[in-house]
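Q: Next come the chains, spelled out residue by residue.
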Amino acid sequence: MTNTPWLFDILQIAVLFILLTILAKFLGSYMAKVYQGERTVLSPLLIPLENLIYRLAGVDKDAEMDWKQYAQALLVFNGLGMILLFILLLLQGNFPLNPQKFSGFSWHLALNTAVSFITNTNWQAYSGESAAAYLTQVMGLAVQNFLSAATGMAIVIAFIRGLVRRTSETIGNFWLDLTRTVLYVLLPIAMIAAVVLVSQGVIQNFSGYKNVSLLQSTSYEKPKLDSDNNPIKDVNGNRVIEKIPVKEQTLPMGPVASQEAIKEFGTNGGGFFNANSAHPFENPTPFSNFFEILLILSIPASLTYAFGRMVGSPRQGWALYAAMLFLLLLAIGMQYWAEYHGNPLLSKMGVSGFNMEGKEVRFGLGGSVLFSTSTTATSCGAVNTMHDSLTPLGGMIPMVLILLGEVVFGGVGSGLYTMLAFVVIAVFIAGLMIGRTPEYLGKKIEVTEMWMSVITVLTAGVIVLLFVAIALITRAGISSIANPGPHGLSQVLYAFASAANNNGSAFAGLNANTVFYNLMTALAMLIGRFVPAIAILAMSGSLVKKKYVPPSVGTLPTDQIPFILWLLVVILIVGALTFFPALALGPLVEHLIMQGGI
Amino acid sequence: MKEIKRAVLFLITLSLLTGILYPVVVTVLARIIFPHQAAGSLIHKSDGTCIGSALIGQSFSGLGYFWSRPSATADFPYNPKASGGSNWGATNPDLLNRIKTNVAMLRSAGMDGSIPADLVTSSASGLDPHISLESAIIQIPRIAKERQLPQEKIYQLVQNYTENRQIGFLGNKRVNVLKLNLALDNL
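For the protein sequence lines, the chains are A and B, in the order given. Under our numbering, the first residue of the first sequence carries the number 1, and numbering increases by one thereafter. Under our numbering, the first residue of the second sequence carries the number 1001, and numbering increases by one thereafter.
In isolation and in its complexed conformation, chain A is listed as follows (with noise of 0.2 Å):
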């Protein structure tokens, strides 16, 4: 395209990293600031309403749970949200602030978005402008949109204090880590965030579609059908074919901005629209993209310095932060590089540039090589490019990120929390190679806090390699596969990593609105979600009641460049054995058959 496009692209790419470096410092010290109980700008404002809060709903603000009964707590909490979700999905057809008069979801659809949304993953498999009413969209999706995202920070601040607190029982109580989360962090935030997104073009109304004559009529060709919807034949057999004018565009409106705003900031990353972030009503100018990046990435990177803060060492926090950017930057990188090269079977016919099948004009490669690495990287999965139409490599990194566990950066909450059983196991084996009881921040790690690390980080790895093996030798599972040979396989794997890791982006091509997927899906989010989270709480409650050793000579330095070069391998090793295999069959062949030539 023009000149040195990759010139801007890296200005780009610095400018995001050095801002969101300086977010995680204030943000984080304002979060830790906010689960600590200390007081802060918003304290004076919100003090009393979230008094009033706990009042109607009888909760004492003193009051302390252990990790069972936190567990309970939010799995009960949950459990009602995603009730909830389900009647309003199934009965919308019923209930006002409808304008286009879309009908209920049919069950198994229901089951599956609701499911979808109480997790953080956003999977859809419908289509908003088509399928959602806007009474769903803001008191359904949007809801589940800020309660799943306070749930993830609520389980791993709850983790936090099980490192940080001594001999004690109780990890904090979850009605006011979810409230606080709610009132100081996510609320505030996404209301400027959603005024300066309608400042740059998203819409923001409740008005029905609106139809808008063309400057160019034009039309359309399809087979003409008869009354029972068979197509026509003529003599010879032939469909016959009728032209279809078009003359008018119906746009379609919606409350966007306030939706767009706390998808992007909660990680949860479900489209208004089919399109998702390539919408130019989500996402209107290369700024309102840079904007949704930088909102993406900000919680989970503000809560690696937050951490630091609570247990009283920002270098561990740092430490965090270094490793999960390293990998971010390593995959901005390869995917960059594959997509610039673009696809050389379009070259032969002519076509100069990089590859844009599935990509918009105004993002540039940059923008969208940065959207699509930073929304797989943190489990949010909106996306501003198609995932199926990138290269094979620069497919096969939005799906390496996400089957790494969602660690660099990962969801709000969740990354934070699968990194730290990350950093467990890595401590853990290198306490055995250099021969001493392994511990991190002064408590050690026995029995307990391996298992539920291991069952932590593999439980999503499982999932993925079991489902995506029954849905290969199943007919309702091969059926649904839209494009053929080796990206046929690729599109299954996405879709099972993406539900189990709780990211939600697809491949879109596969057809993944049947009774199958819908089912399948669904429980690969369930299990991805709900047993990491009980295994961290579990593993919070045994921590917390150790006492704390004080570092000695032996004790092995966590904040330091060799352990996070060491915590790298461990990730990366556990990745690469767990999913080579199946890599290697479906993105990496269809890499050589693309460069050979079919």
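These are computed hints drawn from the structure, not numbers from a lab. Fair warning: there could be bad hints in the mix.
As the list claims (entries may be wrong) - Distance ranges between label pairs, derived from CB positions:
# : chain 1 : residue 1 : chain 2 : residue 2 : range
1 : A       : P245      : B       : M1105     : 12 to 22 Å
2 : B       : L1016     : A       : D62       : 18 to 28 Å
3 : B       : N1160     : A       : N236      : 46 to 56 Å
4 : A       : W107      : B       : D1094     : 27 to 37 Å
Note that this is a predicted model, so its numbers are computed, not measured. We put the CB at the ideal spot given by N, CA and C, even for glycine.
Following the hints, position chain B against chain A.
A: The following block gives chain B in isolation, referenced to the frame of chain A:
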């Protein structure tokens, strides 16, 4: 049982805050501060009829208009009720055939030399309002011939309608096809 009652109460209060208060406040603010954007950045002709949104692309096939990118939306190209991309992988024969057809169509319309990728590939939304600056420039000879206008005049128009990188470094140089074609009609 007590915990279930508590969960119900939290679900209700937090739903009211995030599901009603939040979208209403954002809608009111958007309406007051950015009414044009909040309503969809609609473009009106001089006689007041609405002919589309500055953000949503339209399909053009006339020789005297700049052509948009191909679109994979269902039923017909640039159907905003069915946003989405082709979702075809890089080696999918359907993709390669479609691009071959698109290239042949551009060649038969007199375009030679290498063709910028965006002009023969479908966008992620299927509603991309833009083409790259190169894709606009390469179409100028055809439009000049059809409209019997000097090429320089159209080139000047394209320059006027080129959107630069935002804040100097974000995104790509591009042209909004609908706006440009409207301006062409008003020449």
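Q: So, for every hint listed, does it hold in this structure?
A: We went through each hint and held it up to the structure:
1. The hinted range of 12 to 22 Å is satisfied by P245 (chain A) and M1105 (chain B), whose Cβ atoms lie roughly 20 Å apart.
2. For L1016 (chain B) and D62 (chain A), the hinted distance range of 18 to 28 Å is satisfied, since their beta carbons lie about 25 Å from each other.
3. Here the CB-CB span from N1160 (chain B) to N236 (chain A) is close to 53 Å, well matched to the stated 46 to 56 Å.
4. For W107 (chain A) and D1094 (chain B), the Cβ-Cβ distance of about 33 Å falls inside the hinted range of 27 to 37 Å, so the restraint holds.
The structure shown violates none of the earlier numbered hints.
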